[in-house]
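Asker: Below, each chain spelled out in residue letters.
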Amino acid sequence: MNWKNIRLVFLREVRDQLRDRRTLFIITILPVLMYPLLGLGIVEMMLTFGEQRHTVVVLNDQELPAVPSLLDEQGFAIQWFEGGADDAPSLRVVRESGAEGSNKTPLRPGEASPEQLIEAARSLASMFRSVHGQDTHEELNLVQQRASGRIRAQDLKLKDAQEELNRRFAQSGIQVLVMIPPGYQKSLHQLEEMVRNQSSGNGAAGFPPILVVSNGADDKSAVAFARVRGALLRWENAIRENTFAAASLPVELQSPGRFAWLEIARAEQVSASVWSKLFPAMLVIMSLTGAFYTAIDLGAGEKERGTMETLLISPARRVEIVLGKFLTIILFSIGTAILNLLSMGITGQQMVKSFGSGLTETVRLELPGMQSLLWMVILLIPLAAFFSALCLALATFARSTKEGQYYLTPLLMVVMGLTMFCLSPSVEMTPLYSVLPVVNVALLLRGLLLDSPQSVGLVVYAIPVLVSSLGYAMLALWWAIDLYSREDVLFREAEKFDLRSWITSLIRTKDAVPAFPEAVFCFVLILMLHFAAMTWLTPDISGPNSGRLILRTIVVQQLVMVACPAVFMGLLLTTSPRATFRLRKPKLISMLLAVGMAVFAFPLSYEFSHFLVAQRVFPELPQHVREAMSRIQSGHEPLWLLVVVYALTPAICEELAFRGFILSGLARGGRLAIAIVISSMMFGIIHMIPQQAFNAALLGLLLGLLAVYSRSLFPTITFHLCFNAIATLQTRASGIEGFMVPFCWKDESGAIRFHGWFLLPAGCFLLFSIVHMIRTVIREQDLKRRGIIAAYSEEPVDSNLLYSQQPLPSAH
Amino acid sequence: MIRVQGLTKEFAGPRHGVFRAVDDVSFEVRPGEIFGLLGLNGAGKTTCLRILSTVLRPTRGVVEVDGVNVVRDPEKVRSRIGFMSCNTGIYDRMTAWEMVEYYGRLYGIPEDRLQDRLAKIFETLKMNEIRDRLGGKMSTGMKQKVSIARTIVHDPPVIIFDEPTSGLDVLVSRAVLEAVAKLRDQGKCIIFSTHIMREVEKLCDRIAIIDRGRILAEGTLEELAERYRQPDVEELFFDLIQRRDEEIPV
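In order, the protein sequences belong to chains S and V. First residue of the first sequence? That's 1 in the working numbering, and the numbers climb one at a time after it. First residue of the second sequence? That's 1 in the working numbering, and the numbers climb one at a time after it.
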């Protein structure tokens with residue numbers, strides 16, 4: 001590798017990007033301007049919002065007691081508001097009595113005159129009465145006794161009139177209507193008398209409530225309602241206090257709970273929690289955006305403008321070109337992320353300064369400490385590297401910049417989903433999360449920015465997070481480099497896509513084995529069916545017959561959701577289902593190998609998953625799965641049935657789908673290793689539960705290799721059958737008291753476990769088999785490439801041999 | 001200088017198995033000679049030249065440029081050839097000087113020699129007035145000049161022109177053809193692909209007529225005229241293609 005060339009490519013690309021106005025704008029100008037403008041906008045909005053007054057009409061206000069007085073000349077008395085003098089002016093109170101000039105505050109534009117408002121309020125009140133006669137208050141009493149809290153109009157008999165009421169209320173210009181019942185003062189007075197005399201009796205009966213009408217669906221009304229409610233409750237407290245004092249009861253009775261709320265977080269920590277949510281999310285999204293737009297220009301853009309070929313003809317090697325481009329993208333990715341965060345932080349600071357105390361009490365916006373910022377930069381590097389390499393690969397794969405941009409949306413959505421997942425406070429760092437891409441960085445960063453005592457413990461995770469992130473970055477980079485050495489990717493041109501002609505060509509021009517996209521589609525179909533089944537195919541596991549029900553569901557699931565899509569697609573879309581599903585007589589050695597590997601792989605796989613659970617890499621199995629398993633142990637069902645359901649059915653169905661249709665399709669391009677890896681990952685994903693998925697993916701590798709090696713599906717079915725059968729037997733045997741097999745012991749939960757000394761020869765056998773299979777496959781591939789093994793013949797021998805020199809017959 | 005022996009290139013068709021773009025092609029080109037590759041669009045000219053420039057790998061056959069095998073040592077081959085195609089391949093946001101300088105550096109020309117070389121090339125091709133103009137603001141003719149400058153900046157012994165005049169007006173094409181002729185006079189080994197008969201007649205020392213991946217005829221213009229009793233290249237070309245059509249039904 002020549003560093004001089006990498007540097008040359010890098011410098012050229014950077015200069016090129018800096019000369020591009022669009023990129024410059026998105027990457028530098030936009031963040032620098034956006035946040036201050038956004039901040040300014042928020043400030044403006046808050047100012048105008050604060051200026052707005054809401055109208056409250058109080059009917060029959062002369063019935064209110066004089067002491068404590070709820071209303072004064074300005075409206076609600078200042079003492080009843082939490083914010084005191086700040087909050088009081090936000091409500092404009094119009095009183096029916098029109099007393100003491102409170103109705104004479106100057107009108108603002110758009111506000112109705114007090115007379116109009118009172119008129120409207122009266123007609124609303126009379127509507128209540130006309131619908132329900134005089135007993136509205138009585139009825140309210142009853143409802144309130146049933147359910148305390150806010151009453152909905154539907155709860156009353158008002159239902160029929162609700163629409164009309166709603167409309168009238170909206171038109172009236174009143175946000176909150178307070179209706180004091182007649183005789184309120186008298187009733188209150190009576191109650192006070194009773195308390196003073198300490199006489200018992202039902203004083204509340206016939207004590208009508210104050211009716212407060214608001215519309216929660218209207219923002220203005222909701223805001224005003226919250227204020228009015230606060231004021232009324234405080235005023236109520238004051239009444240109670242007065243009453244207690246008059247009856248010489250202890251004041252403490254007011255709040256017998258006696259709470260003192262103590263907050264122990266330091267001010268910086270509270271502020272950190274705002275940033276700890278915002279910064280990781282912004283970091284992830286901005287580094288992706290920065291990487292993406294640059295990558296599109298460097299990859300697809302270069303192809304589109306025709307300069308790619310010229311560059312490829314220069315003596316620079318492909319690796320050097322890719323690295324030069326990768327470095328450019330990572331530079332812009334990191335640059336965008338840092339600029340955005342800086343601009344955001346500075347804007348936050350500025351807003352704090354200009355707002356003074358009012359804002360800082362509710363939201364603290366001081367930037368996190370130096371150490372946290374340093375962590376952010378350290379973690380940004382592998383994250384940006386991963387995104388840069390991934391975007392470069394996608395951009396290289398795309399035929400045009402337009403196609404490249406289509407890839408952004410799904411990528412962004414996946415990444416956003418992962419980030420949102422990390423923002424949930426219930427998600428905490430675990431060994432598993434520390435190796436998941438994007439999630440690991442976001443979670444670690446969130447924890448470190450929190451600046452809590454727990455964040456010190458998180459530093460342990462820094463190593464797996466950094467190592468795995470760099471690993472993913474390397475993997476993505478390797479993909480990008482690989483794409484650069486593929487002629488079909490570099491020189492494919494944008495072609496027109498027509499759905500109809502595509503479908504007709506799909507059905508008319510069939511090949512012996514499925515194409516790559518067909519294999520992927522088959523997997524997606526299986527996945528969608530599983531997803532759909534999650535809602536309507538959940539057996540009732542609580543019933544008496546649940547055991548049978550579960551078994552039946554599993555068989556139906558396997559047949560309908562796994563085997564059917566693969567078999568139908570195989571029959572419809574290929575000319576040779578025999579080649580597609582590898583229906584070929586296997587050699588004896590392959591069958592023996594399959595049985596042997598299954599017998600030895602089971603203990604290894606079982607102990608490995610125990611080990612992973614013990615190391616807390618994976619959570620323990622969920623409750624319902626353990627329940628289902630215990631049902632098998634309890635032995636209600638005959639053993640043969642369990643073997644059919646748990647071993648035979650999945651062995652046939654899953655092999656037809658994953659080692660049959662999907663693997664044949666994926667291997668179409670001649671890249672067997674990648675096909676095996678992808679098919680095993682798909683096989684894992686279908687198994688849903690994390691530890692099962694992981695195990696299944698590992699076994700999928702083995703099965704894929706076996707299928708390619710033996711060129712037949714029967715050995716893999718045998719392997720699958722044996723493996724699952726052993727698992728079923730083992731679970732069943734665990735339930736039997738005193739049952740013992742050689743090489744095994746029972747742990748405290750009663751499960752049969754395998755001795756460590758048995759695992760070693762098992763591992764050796766497996767390793768030997770794998771090496772043997774890989775070497776055989778590589779040798780065959782080599783012979784085929786050199787044309788020594790006969791390529792495709794009329795009678796399809798198997799699907800591995802199809803990448804032949806001869807054109808395949810098509811089915812017209 | 002260039003030796004192509006039994007070259008075959010196959011692509012995996014999207015749904016139709018294998019497509020053979022170049023089929024058992026053999027020819028040789030000597031220094032100081034312009035070898036014309038004459039064929040319709042899609043005849044396999046570009047594929048053939050892309051294999052020569054190591055961008056594509058041959059499926060079968062041996063290709064040597066200046067004694068170096070394109071599969072075994074592609075970097076070495078690339079440093080010995082200049083390649084210019086119909087697609088100008090000029091960066092929009094780079095000036096003419098920067099563009100040629102960038103490729104000069106990629107070819108590993110020492111910095112002091114590079115500046116002299118650039119000055120000389122810009123002088124010869126009369127490009128000094130567009131020296132600091134950005135690629136996006138150049139006319140097609142200017143771009144073509146920059147392309148030629150880029151192709152010869154490292155003074156390669158072998159130069160490949162892939163339809164260099166397609167889409168150019170008469171004046172610019174003429175300038176390009178003159179430049180090609182001058183390069184031949186300097187003793188370069190040149191391959192020139194085109195579908196325009198006039199250019200072949202004017203420029204090429206030897207030609208090969210290629211159709212659907214196969215070479216139908218090869219030799220000097222005089223040899224071909226004599227062999228097929230057809231003095232007019234255009235007539236000869238269509239005769240050959242017609243004969244081939246009769247041989248293999250589509």
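Treat the hints with care, since some could be wrong.
[To be verified] Using 27 Å as the maximum straight-line C-alpha spacing, the simulated DSS-like pairs for lysine-lysine come out as follows:
1. V:Lys76 / V:Lys120
2. V:Lys202 / S:Lys4
3. V:Lys76 / S:Lys402
4. S:Lys402 / V:Lys137
5. V:Lys126 / S:Lys4
6. V:Lys143 / V:Lys126
7. V:Lys202 / V:Lys126
No lab work stands behind these hints, which were simulated from the structure alone.
Asker: Each hint should be assessed against the structure and marked as holding or not.
Answerer: Status of the hints after comparison with the structure:
At most 27 Å may separate the alpha-carbon atoms for a hinted pair to count; V:Lys76 and V:Lys120 meet this at roughly 25 Å. Straight-line distance between C-alpha atoms of V:Lys202 and S:Lys4 comes to about 42 Å, which puts the hinted pair past the 27 Å bound. Using a Cα cut-off of 27 Å, the hinted pair V:Lys76 and S:Lys402 is violated, with the two alpha carbons roughly 36 Å apart. Under the criterion of a C-alpha separation no larger than 27 Å, the hint pairing S:Lys402 with V:Lys137 is consistent with the structure, at around 23 Å.
For the given pair, V:Lys126 sits about 31 Å from S:Lys4 by alpha-carbon distance, which is inconsistent with the 27 Å threshold. A hinted pair counts as satisfied when its Cα atoms are at most 27 Å apart, and V:Lys143 with V:Lys126 qualifies at roughly 13 Å. With a C-alpha separation of about 24 Å, the suggested pair V:Lys202 and V:Lys126 falls inside the 27 Å cut-off, and the hint holds.
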